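Could you build all of it, start to finish, from the sequences and the hints given here?
Quick note: the first sequence uses the working numbering, first residue 1, plus one each step.
Derived from the structure by calculation, the hints contain no laboratory data.
For clarity, every value in this text was computed on a predicted model and none was experimentally measured.
Among the hints, erroneous ones may be present.
Unchecked claim - In silico lysine-lysine, DSBU-like type, Cα no more than 30 Å apart, as pairs: (1) Lys139 x Lys165; (2) Lys160 x Lys283; (3) Lys247 x Lys96; (4) Lys11 x Lys246; (5) Lys241 x Lys32; (6) Lys259 x Lys204; (7) Lys39 x Lys68; (8) Lys124 x Lys269; (9) Lys32 x Lys98; (10) Lys124 x Lys35; (11) Lys208 x Lys223; (12) Lys246 x Lys165.
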Amino acid sequence: MPELPEVETIKRGLENKIVGKKIRDIIVGNFKIIKSLSKSIFINELKNKVIKKICRRGKYIIIDLYPKKNLVIHLGMTGLLIYPYVENCDEIISGKIKPKHNHVIFNFEDNTKLVFNDVRRFGKVYLVSDMREVESINKLGLEPLEECFSVEAFSHILEKKKKNKIKSLLMKQDIIAGLGNIYVNEILYRANIHPLRQISSLTKEESKKLYLEIKSVLTEAVKFGGSTVADEAYRDTNGEKGKFAKKLQIYARKGELCKKCGNTIEVIKIEGRSTFFCLHCQKL
DNA sequence: AGGGGTACCTGCGGGC
DNA sequence: TGCCCGCAGGTACCCC
Numbered sequence: 001m002p003e004l005p006e007v008e009t010i011k012r013g014l015e016n017k018i019v020g021k022k023i024r025d026i027i028v029g030n031f032k033i034i035k036s037l038s039k040s041i042f043i044n045e046l047k048n049k050v051i052k053k054i055c056r057r058g059k060y061i062i063i064d065l066y067p068k069k070n071l072v073i074h075l076g077m078t079g080l081l082i083y084p085y086v087e088n089c090d091e092i093i094s095g096k097i098k099p100k101h102n103h104v105i106f107n108f109e110d111n112t113k114l115v116f117n118d119v120r121r122f123g124k125v126y127l128v129s130d131m132r133e134v135e136s137i138n139k140l141g142l143e144p145l146e147e148c149f150s151v152e153a154f155s156h157i158l159e160k161k162k163k164n165k166i167k168s169l170l171m172k173q174d175i176i177a178g179l180g181n182i183y184v185n186e187i188l189y190r191a192n193i194h195p196l197r198q199i200s201s202l203t204k205e206e207s208k209k210l211y212l213e214i215k216s217v218l219t220e221a222v223k224f225g226g227s228t229v230a231d232e233a234y235r236d237t238n239g240e241k242g243k244f245a246k247k248l249q250i251y252a253r254k255g256e257l258c259k260k261c262g263n264t265i266e267v268i269k270i271e272g273r274s275t276f277f278c279l280h281c282q283k284l
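This is the structure we're talking about:
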């Protein structure tokens, strides 16, 4: 699912709409989604809390509540946050969003609802008093769109991880937080680097180009509200598709012709994930 | 340390 | 038409 641009789009959507609202009650349809607390505690703790602030870290959405608690949401592959959720909006938005996959419903005091819907149920919801309780967030690496992700920081990472294949490295959340399969494919294509290249083989120019493409692909994707590939699940909080999909030049384009050189786009599996590339533009 | 496999889920499209 | 297979934006855990 959602990688950094999609999660950032959802975060911005919620920010404009639910900050300041008070939670009246919660309906949890599937407790397997809820981590780190019993269901009754989860529901009781959330009642009467006010949404104070919304942040993003990697692919996580962090909702600060008052009195102090943090609601942390990871969308997995197919998680969605829909607001405002109204009866039958599933059909209006898209046949893809089925009410039977509404796993958590937040009812606000003004009678509006925020719905967490997730077909495949890989998503996770945590409620904690301290962010340090969410182990996986502690381990996240640099935020690629923040200043901390500088050319120097990136060179330092490459230096430390020389033996990795470049695609494997970019996919690691504990190194750079927020990249996933779509954007890694896209970034490597634009940087003309084969996904299986050993990091130690990258020239200075290639590393620099790669750094710039990470920043520019993500920035542009955020600007376009992320990517909804073909007719897949991702939607923003209003149920709208991400408009960056039509800008994707390599992802899911097996057999099509490379826009730069006209060669046929190939696909291989790397660590179990489909990896698309043009062997002419991205030499091994 | 890095690489591979599997598991967690549902739904869709293709091949037969 | 139906069944089986492989595939899908992620992560965690196991093994070598």
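Among all the numbered hints in the text so far, which are the ones the structure does not match?
Structure breaks no hint.
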